[in-house]
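**Student:** From first to last, the protein sequence lines are chains A and B.
The first sequence maps to residues 1 to 238 in full-length UniProt numbering.
The second sequence maps to residues 1 to 238 in full-length UniProt numbering.
In short, the hints are calculated from the structure, not lab data.
These numbers were taken from a predicted model, which means no experiment stands behind them.
Treat each hint with caution, since some may be false.
Heads up, the list lumps identical chains together, so a pair's fine if it works in one copy or across two of them.
Unchecked claim - Here are the computed lysine to aspartate or glutamate pairs in the DMTMM-like style, where the Cα-Cα straight-line distance is at most 25 Å:
#1 K65 with E15
#2 K40 with D11
#3 K70 with E90
#4 K107 with D201
#5 K40 with E178
#6 K150 with D114
#7 K52 with D81
#8 K194 with E159
#9 K70 with D162
#10 K23 with D179
#11 K40 with D81
Number of protein chains: 2
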Amino acid sequence: MNDKHIVSSFDRDLESIQASVIKMGGLVEAALADAITALKTRDVEKAAMVRKGDRFIDELDQVVKTDAAKLIALRSPTASDLRTVLSVMEISSHLERCGDYAKNMGKRTIAMADSNEINGTLASLGRMSQFVEAMIKDALDAFVQRDLEKAREIIARDEEADQIYNTLFRSLLTHMMEDHRNIAVGMHLHFIAKNIERVGDHATGIAEQTIYLVTGQMPDDDRPKQDVPAVDTSESKG
Amino acid sequence: MNDKHIVSSFDRDLESIQASVIKMGGLVEAALADAITALKTRDVEKAAMVRKGDRFIDELDQVVKTDAAKLIALRSPTASDLRTVLSVMEISSHLERCGDYAKNMGKRTIAMADSNEINGTLASLGRMSQFVEAMIKDALDAFVQRDLEKAREIIARDEEADQIYNTLFRSLLTHMMEDHRNIAVGMHLHFIAKNIERVGDHATGIAEQTIYLVTGQMPDDDRPKQDVPAVDTSESKG
Numbered sequence: 001m002n003d004k005h006i007v008s009s010f011d012r013d014l015e016s017i018q019a020s021v022i023k024m025g026g027l028v029e030a031a032l033a034d035a036i037t038a039l040k041t042r043d044v045e046k047a048a049m050v051r052k053g054d055r056f057i058d059e060l061d062q063v064v065k066t067d068a069a070k071l072i073a074l075r076s077p078t079a080s081d082l083r084t085v086l087s088v089m090e091i092s093s094h095l096e097r098c099g100d101y102a103k104n105m106g107k108r109t110i111a112m113a114d115s116n117e118i119n120g121t122l123a124s125l126g127r128m129s130q131f132v133e134a135m136i137k138d139a140l141d142a143f144v145q146r147d148l149e150k151a152r153e154i155i156a157r158d159e160e161a162d163q164i165y166n167t168l169f170r171s172l173l174t175h176m177m178e179d180h181r182n183i184a185v186g187m188h189l190h191f192i193a194k195n196i197e198r199v200g201d202h203a204t205g206i207a208e209q210t211i212y213l214v215t216g217q218m219p220d221d222d223r224p225k226q227d228v229p230a231v232d233t234s235e236s237k238g
Numbered sequence: 001m002n003d004k005h006i007v008s009s010f011d012r013d014l015e016s017i018q019a020s021v022i023k024m025g026g027l028v029e030a031a032l033a034d035a036i037t038a039l040k041t042r043d044v045e046k047a048a049m050v051r052k053g054d055r056f057i058d059e060l061d062q063v064v065k066t067d068a069a070k071l072i073a074l075r076s077p078t079a080s081d082l083r084t085v086l087s088v089m090e091i092s093s094h095l096e097r098c099g100d101y102a103k104n105m106g107k108r109t110i111a112m113a114d115s116n117e118i119n120g121t122l123a124s125l126g127r128m129s130q131f132v133e134a135m136i137k138d139a140l141d142a143f144v145q146r147d148l149e150k151a152r153e154i155i156a157r158d159e160e161a162d163q164i165y166n167t168l169f170r171s172l173l174t175h176m177m178e179d180h181r182n183i184a185v186g187m188h189l190h191f192i193a194k195n196i197e198r199v200g201d202h203a204t205g206i207a208e209q210t211i212y213l214v215t216g217q218m219p220d221d222d223r224p225k226q227d228v229p230a231v232d233t234s235e236s237k238g
C-alpha cells in the first residue's frame, strides 16, 4: 500500500528533473559503448561522433541544473526535499564527467588510429567498460528507487572495477617493457583504462548520494581504494 | 563612482558564498603546491597530508552548494541572479575536482616513494604546477571582478598549459623507451602530469563561467584542444 496518496507539485517537478538525469545516464552508457566499439574497430568516424555527442550530455546537465534551481526558487523546499534536489544536481555533475571520459576515449582512439594493437588489451578494456556501464545504470536505478542495499552493493562493486583496472595496468606495463614499440600506444590505453575506472568512481559517487538521501549521512570516504598500483622498480621480471 | 549604492540582501548572501569559494581556491593552490613539494622531496608524510586534506575542500564544496541552495530558496532570484548562483556552484565543483587531482598526486607520490627519479621531470612538473596554480588564482580573480578580458586570457593560457604537458609527455616517453626501468615510474609521472593539465582545464572552466555571466553565452567549446598527443609508432627515433 502506498502511504503517499497525494503527489505534491514538488514531487511532480522533481520527477521531471529526474527524467532528464535518467536520459543523461542513457546517453552516457551509449557514449561509453560507442567509444569502446570505435576503439576496437579503429572506427575514427564513430570516435569523432562520440566526441561531438558529448555536447548533448553537457546540455542536459545545464537543463538539470537550471530546472533544479528553478524548483528551489519556486517551492522553497525544506531540509529533506532540498537535499534531494542538491543530490540530483550532484548526480548530474557525475554523469557530465562520465561523458567527458567517453569523449576523451574518442579523442585517444583518433590519436592512436594507426598504431598496433597490444594483445588482448582491447577485449579487457571492453569487459571493464561493460562492467562500469552496468554500475552507472544500477546506481541510477538505486537512486530512483531510494534503494539503500543496491546503492551499497554498487560501492562494493567499485572495488572489483579497481581490481580489473589494476590487472590491466600490470598487463600493459609488461607489454610496454617487453617491446618498446608498445610504449606510446600503451600510454594511451592506460589513460583509457583509467577513464573507465573513473566512471566506476562516479557510479560510486551516485550511489553515495542515494545513501546520503536515505540515511542523512555520507558513507565513510576512507575505504581503502586500490586505484593507484605501487611501482615495482625491481627488474626480477625480465 | 559606484552606481550601486544599495547592496541588496541577495548580494550580501552571495558575497558570503563567494568568500567560501575563494577559500576553496586557496586550499586548492596550497594542496597542489604541497603535492609537488612532497613529490620532489619524496616526502611521504606530506603526501599523506595532502591526501587527507582533500576532505576540507570537499566539505567547503558541500557548504557552498547548501548555502547557494538556501539563497535560491530564500530570495527566489530572477534570471541573471539565478545564473550567478548556478555559476558559483559550478565553480565550486571545478575546485572540488582540482582537490581530487592534488589528492591523487599525493597517492601516486606514496606509491612511487622508492623509485628512481627520471632526469629533470620533477622540475618540469613543478613549473607546470605553478603555471596552473596561477591560472586557478587568476580565474577566481576574474570571476570575482567579472573581468571578461582576464577570463579570456585564462583560456588562452590553457593552450600553453597543454603545450607544456605535451612536451613533458614526449620527454617521458623518450625516457621510458630508452630504459625500461623507467616505464613504471614514468607511468605514474604521466598521470601526475595529466592531473596538473586537468587543473588547467578546470581553471578554463571557471573562466568560462565568468564569460557566461558577463556575456550570457558560453564560449565555443570546439577550440582545437591539444591535450591528446598523437601516437608515433615509427621506430625512427632509435
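**Student:** Now tell me if each hint is right for this structure.
**Tutor:** Structure-based check of all given hints:
{"no.": "1", "hint": "K65 with E15", "verdict": "both (14 Å within a copy, 21 Å between copies)"}
{"no.": "2", "hint": "K40 with D11", "verdict": "neither (43 Å within a copy, 53 Å between copies)"}
{"no.": "3", "hint": "K70 with E90", "verdict": "both (16 Å within a copy, 16 Å between copies)"}
{"no.": "4", "hint": "K107 with D201", "verdict": "both (21 Å within a copy, 16 Å between copies)"}
{"no.": "5", "hint": "K40 with E178", "verdict": "within (22 Å within a copy, 29 Å between copies)"}
{"no.": "6", "hint": "K150 with D114", "verdict": "neither (42 Å within a copy, 40 Å between copies)"}
{"no.": "7", "hint": "K52 with D81", "verdict": "neither (35 Å within a copy, 31 Å between copies)"}
{"no.": "8", "hint": "K194 with E159", "verdict": "both (14 Å within a copy, 23 Å between copies)"}
{"no.": "9", "hint": "K70 with D162", "verdict": "neither (38 Å within a copy, 37 Å between copies)"}
{"no.": "10", "hint": "K23 with D179", "verdict": "neither (44 Å within a copy, 48 Å between copies)"}
{"no.": "11", "hint": "K40 with D81", "verdict": "neither (44 Å within a copy, 47 Å between copies)"}
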